[in-house]
Structure formats: C-alpha cells, structure tokens
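Based on the provided sequences and hints, a complete structural model is requested.
Number of protein chains: 2
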Amino acid sequence: MNTLNMMRELSIATPSKIVMLVIDGLGGLPDPRTGRTELETARIPNLDALARKGICGLADPVGPGITPGSGPGHLALFGYDPVECNIGRGVLEAVGIDVELGPGDVAARGNFCTVDENGISTDRRAGRISTEKCAELCKILDGMTIDHIQIKVYPVREHRFVVVFRGGGLVPDVTESDPSRTGVTSLDIKLLRPEAVKMADVANHFILQSKNLLAKHRPANMVLLRGFSRKPRFPTMPEIYKLDPLAIAVYPMYRGLARLVGMKVAITGTTLADEFATLKQSYQDNDFFFLHVKWTDTAGEDGDFARKVRVLEEIDAALPALTALGPDALVVAGDHSTPAVLKGHSWHPVPVLLCSEYCRPDAVTAFSEPAFLAGGLGRISSTQIMSLAMANALKLTKFGA
Amino acid sequence: MNTLNMMRELSIATPSKIVMLVIDGLGGLPDPRTGRTELETARIPNLDALARKGICGLADPVGPGITPGSGPGHLALFGYDPVECNIGRGVLEAVGIDVELGPGDVAARGNFCTVDENGISTDRRAGRISTEKCAELCKILDGMTIDHIQIKVYPVREHRFVVVFRGGGLVPDVTESDPSRTGVTSLDIKLLRPEAVKMADVANHFILQSKNLLAKHRPANMVLLRGFSRKPRFPTMPEIYKLDPLAIAVYPMYRGLARLVGMKVAITGTTLADEFATLKQSYQDNDFFFLHVKWTDTAGEDGDFARKVRVLEEIDAALPALTALGPDALVVAGDHSTPAVLKGHSWHPVPVLLCSEYCRPDAVTAFSEPAFLAGGLGRISSTQIMSLAMANALKLTKFGA
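Chains as they are written, first to last, in this note's numbering: chain A, 446 to 846; chain B, 446 to 846.
Derived from the structure by calculation, the hints contain no laboratory data. Treat the hints with care, as some may be off.
Where chains are identical, the list cannot tell them apart; a pair therefore holds if satisfied intra-copy or between any two copies.
Under the rule of at most 25 angstroms between Cα atoms (straight-line distance), these lysine to any residue pairs were calculated in the SDA-like manner [to be verified]:
1. Lys709 - Leu839
2. Lys843 - Arg626
3. Lys584 - Pro806
4. Lys635 - Ala846
5. Lys843 - Asp526
6. Lys739 - Cys530
7. Lys498 - Arg481
8. Lys788 - Arg805
9. Lys843 - Val528
As structure tokens, then:
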C-alpha cells in the first residue's frame, strides 16, 4: 500500500483537530546502575494517565537497526517514506537556519578548514572557530557572481556554513570536495551527470576564489563543500490530508522541515511554556498541530540522563494545558530514540501513544518503553502514525464499497 | 526499504565482533503428551540467562506460513531477501558437496531411477540404492564431452547425484526431465529462452547416453535431472557490511552457502566441541562468526523429540565457552523451525535472541517459543536480524541528517 496515495484518496476536511506532540529523542535505554530508562525514571503522572486512556506502541522511523537523522525521523512521523523522500544535507542545513530556497536553487553544506602551504588539509574544522568568526568570514565570501550564478553564504555554527547557488541551469548531481580526512588536498567537484557540468564548474570556481579570499585567515583558510542538493518537491500535507497544519517549534530546523511538507509555521518563543501558549492561541485557526520539543534530545546527546529525566518531567507538568484543549486525536511520539547512555540518536524503536474517543485502549498503565511493548498498537512503522491519527479524528472515508 | 542497499551505505568497519549462533531447525512444537516444546522441555540455564539479559523475539525466514529450505533460511539470516536471492537446486546440491562452480558452469540435481522396457518410470529413486552404488554409477557417467561441453558427475547420497556442465554458451533456463510421478516416460528437456538451446541439446544427449550406459544396471537404469542453475552472483557480506566474516560449520552445505555470500570458511572438526574450539582459535582474526549447529535439525527431521532436547542441552552446556569471548553482539537464531512432531522443516517462526550492551532488554526470562512471544524484538523478518546485530555492535552510521 502506498500510504500517501491512500490518504490522498480517503482524507476529508472536517473540523476535528489533531495534535502531534513530538518529543525529540524520546526513547531511551536503561541506566546501568538502576536498570531503568529515562522514561521509567521520570515522574510523569500525566503521560501515564494518557497511556492508561490511549493506545500505545513502539514505532520504527526507518527500519530495525537503522538510526535516523532528524530529517528522516520527522518525515516518517508526517507519513512520508523517509527513504524515498530523502532531503539533501545542504537543503537541510539551509532550512535549519530559516533560509528560503527557490525551486532552482542548489544548497551545499560548507566547513571552514585549515590547509598548509601545499594545500594539504590539516584540520577539517579549522579548530572549530567561533560562530562569530564564522559569520565574519561568511561576509567575505558572500555575494560572488560566477557565470551568472549568484552565490549566497550563510553562517550556521562554529566552522559550519551554507552556500546557496542561485541562477538558471543548475543540477545538483555533483561530488563533494570534502575528502573526509586530513593529510590530503581537497577534492575537485566532479559531475555525476552530464547536465551538472555548470554546477561543478561554478562550485570549483567558488572554492578557488574562497581559497584566495581566505589566504590570510588561517586557521580558516579554505572551505570544504558537500551535500549539494535542491529543495525536494514533496506532495504537501494540505494536498494529501486536506489539513491546515501548523508547526510550533523553537528550533529552525524543525520549522524548516515542516515548511517542506507544506505546514504553516507559528511564531513562538524559546521555552516549552511559550510553545504551549502558542498552541492555545492558534488552536481555533488550524486543524493539525505539530508541536516540537527539542530538549530531551539535547540532554540525550549530551549523555545527561538526569537532565533528560527532568525535561520529561517538565513536559509532563505542561501537558494538562494541552489536554485541556480537548484535541480529537492526540499523538505523543518521537522522531527517534536518543538514549543518554549512547550520547546520540539510536536505532531503538520509539514510544508512540494515540489518544482519542475511539482508540480501543489497551492494558498499558505507564508511559515507558517496556510498558509500551505490550501496547495495542504493537510494533509499527512511524509512517503509519499519521493514518492512525487521521482515522481517530474521523478524517478518513471508507476504502472500497 | 532495500535493506542490503541501506547496509551498504551505512555500515562501517570497526573492531567490534558479532557472533551469530545458528541452531538449525531451532523452533519446535509441543509434545502432545506434555504440552511443552523441545525448548520448554530442555534444561538450558545458559540460554535462559541470555534471554533474561538480551532482547528476544520470533522471526519469519520467508513469510507467515512459508516453510523454508536451508538455502532461503540461511540467506535470510545473512540479511538477503530469500525470494529475490534464490539459489537453484542444482547449485545448492553442488555447493552441498563442496563442488566449486565456475561462473559459466550449470549444475543440475540428478536422481537415478528405474524404467521398464518401454521407458516408463516405475521408481523415481531406483529403490534408494546405496551411496556406495551411487558413487560407482557416477563414475560410469562421469567425464563425457558433448558438443565441447565437459560433463562432471558427483555422487551425493543414495540415489542422488549432481551433474556439472562446463564450457561456453550455457544458459540454464531449461525445463526438467523429472515428471515427478511414475507410470510415464521422463520428459524431454525444453528451452525456456531461445539462448538456452545448447543447454537443452547437451542435457538431452547426456540423458540419452546415460540411459545407454546404465542399461544393464537395473534398478538404476535411467536418470532424471532438475534444477538447472548457475552460481548466483550475490553482493558479498564483506561488500555490504564491511565485515570479515568466518563460517564455522561441520556440514558442507552450510559452508557452501557461507561461501556464496563471501564468507571465509574455517577448518573445523565434526563435533560441537570442535566448532566452539575453532571459534575461540579464530576469534582474534575476524569480526563476524557464523557458527552452525546441525544436530537439532537432524533430530527434528527424524521425529526424535528426546534427541532434539538432548542436543539443545548440549549446546547450552557449551555456551559459556562462547559467551566468555565477550562478543559485542551475540545472536542466537535458527534458519527455520523443525518440530519433531512434524518430522521436517516447518513454517513456524523461529526464536531469535540478541544480546549486547545496548539491546534494551525485555521481560523475557526463558528461552522458548511461548516466552519469546512477549519479547522486545516482537515478530520480525529474519532478514532484519543482521541490521539489528550491526546496529548493536555500533557498526552502522546514521541515516540522513
């Protein structure tokens, strides 16, 4: 079954409302000292109450054993096949700093790096220069025009930046200049398809000019480019689901991902309370809400088990403000697991909960990985969560007579 | 998701080690007198301890209801789609007796059979002649050259043999001569594609000559051929997984299967103790070990419930020698179920256990089919076991940014 085509065929616009609360990096692993995961350790009475009321399960964003990045993890939650609908690295970085890409633009991810007098790379990250320094250097490189292509350079963080190539006839199928190791020169950008000849030429010229402009800026005296890509053209959520979806997210990458699938993006603050307040304010104006909470993932990435527990407890404390709105279908899910003991994203399936008047509850009484093993949703693909949410909000008609 | 492509993209070589212990025909069915399966009957404290420590589940080698042969069962465990990556019968038989096949060779499985004076088949197995007799008759047929094609004939067991056709221009797409019943004459080999005309001609000539040479050897006075096939070209495990895999198996078919996917094959003895000793000796030199134990399957095929229980207990007793090596990821699985009450392979899902530092344990406390129903792996496809093992040994990078 092609789920998106099925949704496009069966979905109808109704006044009912769906809230999808995405707790980034939600799933975890046991602390070896206690044998309990972050969710099992946290005091989360409101999430536990939802688990009692709703139907629970574990979801694989991509597949068993596969650790997803943020892009694939979120696309799966929105119902898109994350392998088919891949987003290039350059585009994801651009989207992550709120850079708007036109349909013909090509974006690439850049690193400032250090090379010696023979052009041999000695540090692929230029000693992780400050974000401030990065912004300064980007100004130097920004604004070139090569062969009628305008080139914009945007700082990201530390040594990272984004280059956007704008103009006619650019095809992003080229290799990267980053050799992925030191002790060698950077690579020439080569074409992977004949149509990409202009892209390769412009990129190689840009790198050469950048080298000249940066000559006196050691350690950041060279650039490495990779992930040349164009904004993908996905069918949008309004087209597929007949929804009017709103994204509420503090971090730009998640707003960017939401825009790629056709969501509107709310203006919100920088805290969990801000996000929940924005949800309440906009609740009458939309029928689907993607509410993204980042800090569980950040704590997991930092290997800070206790902080991840604390963030979970904060989310739990804020939850009544959400449930008080009475969404017709409420999804609590994660884009991937980020166990503190692994200090990074992982392949472990992610807890998912669905709550509605019609969700056929199971016997689960706690919001945790082990408890959800026995949940009524079983083990599903994350791409199936949207169709379940749509069904529970009575937004899908019957298939076949 | 095409799992092999995904693995090829994400896998990295690391020093971590994976051991895959394949207990042939592992799954069973309850003895009607006790209501307990072979695994539930056996005293297997070490396997039970692994079940407590690791994550458990049930795996389908091909699909629900499908009884796999040894080829598909093993290919699935190695991560290959067993339907897509089919191995012809002739090749499997050749590989099963350590016959090396060249890329252009065509192998066919042969039976000696009995025909009457009118060529009507009266016994498709020639009264199951002895393996000794079979070897004698194979010598008579071995060594023909027909139309520049050299023909080698190798005895297998009882009435079974393998024919290898070697020379230019052979295409294996031909029908079989075995009518699969008695009371009729054997069939002419026909081509399924125009390019196979030479193969069909040579095979029909070989059958005619064999009939003449065997005329005085009743009951084995004719041959039946089927399963014409060429050695498949699978991507190898070193290519896909960046592993340096070693196979430890007493029986040649399993060594042959391992070679088809690019494993090295260890020299080992004929007992379980020999196999475990070989594992220990080679442990420093490889990073993936396929250790195959045959005797559970043999006991199951013989319908000998008690013997299957005994073999399970022997494996359990030997297990500490394996766990003492401290593999980063340990898989205990089977290629299919062989319930003693069915006296043969079956379609039942096979217990699978995965143990690593990062495997998110479940509540399972016993190594058995009913206990594994509640396992954290849930019900998976056997083809997913390799990606889970790779992830748990931290040999996979993130998918997407």
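To see whether the hints hold, each was checked on the structure:
When the C-alpha separation of Lys709 and Leu839 is checked against a cutoff of 25 angstroms, the pair qualifies only within one copy, where the shortest distance is 23 angstroms, while the shortest distance between copies is 38 angstroms. With identical chains, the CA atoms of Lys843 and Arg626 are at most 25 angstroms apart between copies only, with a shortest distance of 19 angstroms across copies and 55 angstroms within one. With identical chains, the CA atoms of Lys584 and Pro806 are never at most 25 angstroms apart, being 57 angstroms at best within one copy and 51 angstroms at best between copies. In this homomeric assembly, Lys635 and Ala846 come within 25 angstroms of each other (Cα to Cα) only across copies, at 22 angstroms, whereas the closest approach inside a single copy is 54 angstroms.
Taking CA atoms no more than 25 angstroms apart as the test, Lys843 paired with Asp526 passes in both settings, with 23 angstroms inside one copy and 16 angstroms between copies. In this assembly of identical chains, the alpha carbons of Lys739 and Cys530 lie at most 25 angstroms apart only when taken from the same copy (23 angstroms versus 43 angstroms across copies). Proximity of Lys498 to Arg481 under the C-alpha cut-off of 25 angstroms is found in both arrangements, the shortest distances being 23 angstroms within a copy and 14 angstroms between copies. Only between protomers do Lys788 and Arg805 lie at most 25 angstroms apart by alpha-carbon distance; the minimum there is 15 angstroms, versus 36 angstroms within a single protomer.
In the homo-oligomer, the alpha carbons of Lys843 and Val528 lie at most 25 angstroms apart only across protomers (13 angstroms), although the nearest pairing inside one protomer, at 28 angstroms, exceeds that limit.
In the structure shown, a violation is registered for the earlier hint numbered 3 alone.
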